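S.K.: In the order they appear, the protein sequences are chains A and B.
At position 120 of the first sequence (counting the first as 1) the number is 119 in numbering that gives the first Met the number 0, and the numbers step up by one without a gap.
At position 110 of the second sequence (counting the first as 1) the number is 109 in numbering that gives the first Met the number 0, and the numbers step up by one without a gap.
Bear in mind the hints are in silico, worked out from the structure with no lab data behind them.
Treat the hints loosely; a few may be bogus.
Stated by the list, open to error - In silico lysine to aspartate or glutamate, DMTMM-like type, Cα no more than 20 angstroms apart, as pairs:
{"hint": "1", "chain 1": "B", "residue 1": "K38", "chain 2": "B", "residue 2": "E136"}
{"hint": "2", "chain 1": "B", "residue 1": "K33", "chain 2": "B", "residue 2": "D23"}
{"hint": "3", "chain 1": "B", "residue 1": "K221", "chain 2": "B", "residue 2": "D201"}
{"hint": "4", "chain 1": "B", "residue 1": "K33", "chain 2": "A", "residue 2": "D309"}
{"hint": "5", "chain 1": "A", "residue 1": "K33", "chain 2": "B", "residue 2": "D309"}
{"hint": "6", "chain 1": "B", "residue 1": "K33", "chain 2": "B", "residue 2": "D5"}
A quick note: this is a predicted structure, and the numbers were derived from the prediction, not measured.
There are 2 protein chains.
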Amino acid sequence: MSRVDDVLAGDIRSAARLMRDLDDRLPSAIDELKELYPKTGRAFIIGITGNPGAGKSTLVDSLITVYREAGMRVGVVAVDPTSPFSGGAILGDRIRMQRHAGDPGVFIRSLATRGQLGGLSRSTFDVASVMDAMGFERIIIETVGVGQDEIEVMKTAHTSVVVTVPGLGDDIQAIKAGILEIADVLVVNKADREGADRAMRDLFHMLDLRGRVGRQEVEIVKCIATLGTRPESGIAEVARAIDEHRTRSESLREERNMERAMAHVSELVRGLLADRAAQALAEQGGLEELVRTVVAGVQDPYTAAQSVVDRM
Amino acid sequence: MSRVDDVLAGDIRSAARLMRDLDDRLPSAIDELKELYPKTGRAFIIGITGNPGAGKSTLVDSLITVYREAGMRVGVVAVDPTSPFSGGAILGDRIRMQRHAGDPGVFIRSLATRGQLGGLSRSTFDVASVMDAMGFERIIIETVGVGQDEIEVMKTAHTSVVVTVPGLGDDIQAIKAGILEIADVLVVNKADREGADRAMRDLFHMLDLRGRVGRQEVEIVKCIATLGTRPESGIAEVARAIDEHRTRSESLREERNMERAMAHVSELVRGLLADRAAQALAEQGGLEELVRTVVAGVQDPYTAAQSVVDRM
Numbered sequence: 000m001s002r003v004d005d006v007l008a009g010d011i012r013s014a015a016r017l018m019r020d021l022d023d024r025l026p027s028a029i030d031e032l033k034e035l036y037p038k039t040g041r042a043f044i045i046g047i048t049g050n051p052g053a054g055k056s057t058l059v060d061s062l063i064t065v066y067r068e069a070g071m072r073v074g075v076v077a078v079d080p081t082s083p084f085s086g087g088a089i090l091g092d093r094i095r096m097q098r099h100a101g102d103p104g105v106f107i108r109s110l111a112t113r114g115q116l117g118g119l120s121r122s123t124f125d126v127a128s129v130m131d132a133m134g135f136e137r138i139i140i141e142t143v144g145v146g147q148d149e150i151e152v153m154k155t156a157h158t159s160v161v162v163t164v165p166g167l168g169d170d171i172q173a174i175k176a177g178i179l180e181i182a183d184v185l186v187v188n189k190a191d192r193e194g195a196d197r198a199m200r201d202l203f204h205m206l207d208l209r210g211r212v213g214r215q216e217v218e219i220v221k222c223i224a225t226l227g228t229r230p231e232s233g234i235a236e237v238a239r240a241i242d243e244h245r246t247r248s249e250s251l252r253e254e255r256n257m258e259r260a261m262a263h264v265s266e267l268v269r270g271l272l273a274d275r276a277a278q279a280l281a282e283q284g285g286l287e288e289l290v291r292t293v294v295a296g297v298q299d300p301y302t303a304a305q306s307v308v309d310r311m
Numbered sequence: 000m001s002r003v004d005d006v007l008a009g010d011i012r013s014a015a016r017l018m019r020d021l022d023d024r025l026p027s028a029i030d031e032l033k034e035l036y037p038k039t040g041r042a043f044i045i046g047i048t049g050n051p052g053a054g055k056s057t058l059v060d061s062l063i064t065v066y067r068e069a070g071m072r073v074g075v076v077a078v079d080p081t082s083p084f085s086g087g088a089i090l091g092d093r094i095r096m097q098r099h100a101g102d103p104g105v106f107i108r109s110l111a112t113r114g115q116l117g118g119l120s121r122s123t124f125d126v127a128s129v130m131d132a133m134g135f136e137r138i139i140i141e142t143v144g145v146g147q148d149e150i151e152v153m154k155t156a157h158t159s160v161v162v163t164v165p166g167l168g169d170d171i172q173a174i175k176a177g178i179l180e181i182a183d184v185l186v187v188n189k190a191d192r193e194g195a196d197r198a199m200r201d202l203f204h205m206l207d208l209r210g211r212v213g214r215q216e217v218e219i220v221k222c223i224a225t226l227g228t229r230p231e232s233g234i235a236e237v238a239r240a241i242d243e244h245r246t247r248s249e250s251l252r253e254e255r256n257m258e259r260a261m262a263h264v265s266e267l268v269r270g271l272l273a274d275r276a277a278q279a280l281a282e283q284g285g286l287e288e289l290v291r292t293v294v295a296g297v298q299d300p301y302t303a304a305q306s307v308v309d310r311m
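Here chain A stands alone, though its shape is the one from the complex (with noise of 0.2 angstroms):
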C-alpha cells in the first residue's frame, strides 16, 4: 500500500510524515498532494484569528468539543506567523487544546514560518488539503495575530471567524480594517469582562461604516469560550453563526472556490520562484558574497538584485 493509500485510510502518522515531507518541499511529496488533490472539496473549512490574547486557542478548543459531539473529525491547523525565529508558539499557548490529542477523530497540526523565503499560507493549503483529502469534515484554521500573513492564511476558509475581547475598544487600531473585510462571524470572547457590550456596539458601528451591515452579510456574537460547551459559554451559539454563514454563502460557493484557489495558485508561484531565486544564489556563491559587495559600495541593492534575476 502507498503512503497516499494509507492517508486516504485515514493513518494520521503517515499523514503527518507527508506534512512535514511538504515542508522540505521533497518533490516525491508534492507528487502524493497530487494525487490526493482530487479527493478534497468535501471539507468545510473555517478561519480564526484575531488579537493576541483573545481567546482563541480556547475557543477553538470548545468549537472541537461542538463537532465531536456531533460525530464530525477536526482538523486543525496552528499557524503562527510570529515566531520564525522559535519555530513555532512558546509557552505552553496551543496546551489546552492537548486534551483532545488523544482522540482519534481530531487531528491538530502546528504551522510556523520557518525562513525568509517561506510561504506560510502555501503550508497551511498544503495541510488542509491533505487533512480534507482524509475525510474531515471541519477543518479549523487558527492563526495568531492581525497582519498580511493571516489574511492571505484566512484566504484559504470558506468562512472567518475574528475573534476580539472588550476593553481594547478604545482604541480603534484594536481591530483592523483588513481584518474587518474578511470577517464572516465577529466573536466577542471573554464577554463577562466590563465593557463586551461596548464592544458589540463598536464592531457594529465599524462595520456600518464599511457598508458591511444591513447586507446579513456578518453575524456579531459574544461568547465566553474559558466555560467550555456549558450553555452560558456562548459556544452554541458561535457554531450556529458559522454554520448560517455556510448557508447562507451557498450561492457564493463557487466564487469563494474561485477566490481560494486563486490565493492557492498564486502562493504556489510564489514558493517556486523563491526556490529558484535561491538556487541562482547558491550558484553565485550565495546571498552573502553579493551583499557584501553591496555594503562595501562597489553595487547598489537594485543592480545586486537584477543581477540574481537575470541569471535565473
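Use these hints to put chain B onto chain A, whose structure you have.
M.R.: Using the frame of chain A, we list chain B on its own:
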C-alpha cells in the same frame, strides 16, 4: 536641475513624487534611486512596532518632538500592512502626528500593502533610502501589529523598539517570541495603568527565558507617551535607551549593515520575480483563466503553478 538634485537639496515635494513613482515601479524612478544610493548610510534608522493599541503613534509623535528639539531632521515611515483592502490606515489613527505636518524638518510618509504580489518591506527600504539620501538624521519606521511582515520591515532598522502596554500580560501571547527576538528596546507604554510593574517583570522574565538578559542586549523602559515631552512622560528615557543601544551596537554596525542589505536584496529579488510572474500570467490569459481549470478539476494547483513558472 534633475529630480535627483532636487531631492538631494531636500525638496519634499520632489521626494514624495519620487516615492510614488517607486511605488509604481517606474524604471526611471529606480534609476534615480540608484543614483541616490551612494548618498545613503548616514541616517540612524529606528524601527517601532508593538501590539495594536499600544500607543505607537503617540510615542512616535513625542520622539519626533525630542529629536526636533535637539535640532535633528526626522523622517517617518508609517507602515500599515493590515489594510490591504482600504489601501491605508483608517479612522484618524495617525492624525496625532499631523501636527508636525507644517514642520519642514519632519517628513511623514504612509505605506500600505497594495496588492497580493506587492512587497511592503521593499517600499519601506525605498522610502527610507530616499529620506537617508536627503540628509534626515533620524528615520523612524512605525509598523502596526506583530506579524511576519512587521518583522521583515523591522530588519530595515538599526535599532528596534517594541512597545507594549500593561494588562495584556495575563496572556503570554501578547508579545510573541519573534518580536522579542528582534527587540533592542522594550517600552511599556501607558505606564500609569494598573499592572505596569507586573508587565515589566513579565517582560524581564520572558527575555531571561530566551537568554537575552544579562548580556545587556535589551533595555526595558516605562513611559506615558500621551504626556508628550513632559519630564514625567518618560520619553527622554526612551530616547536615551535608543541612543544607548546605538552606541552599544557600534561594534556590531558592520554586521547589522550586512543583515539590512541581505534583507533588502532578498526583498528586491522577490519583487523582481513577482513582476516576472505577473507578466508570465498575463501572457497566459491571466491568473483567472488558469484558476478556472483548477476549480473545474482539470488540473491540480501544483501543476497549474508549475506551468506559470515554466513559461517564464
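S.K.: Would you check the hint for A:K33 and B:D309, treating anything up to 20 angstroms between C-alpha atoms as holding?
M.R.: holds (18 angstroms)
S.K.: Do the alpha carbons of B:K33 and B:D5 lie within 20 angstroms of each other, as the hint requires?
M.R.: Given that 20 angstroms is the threshold and the Cα spacing comes to 15 angstroms, the pair holds.
S.K.: Sort out whether B:D23 lies within 20 angstroms of B:K33, counting only the CA atoms.
M.R.: holds (16 angstroms)
S.K.: Please work out if B:K221 and B:D201 have their alpha carbons no farther apart than 20 angstroms.
M.R.: Given pair B:K221, B:D201 holds - Cα atoms ~13 angstroms apart, limit 20 angstroms.
S.K.: Quickly compare the C-alpha distance for B:K38 and B:E136 to 20 angstroms and report which way the hint goes.
M.R.: Distance of about 13 angstroms is within 20 angstroms: holds.
S.K.: Take a quick look at whether B:K33 and A:D309 sit within 20 angstroms of each other, Cα to Cα.
M.R.: The given pair, whose Cα atoms are some 18 angstroms apart, holds under the 20 angstroms limit.
The earlier numbered hints are all upheld by this structure, with none contradicted.
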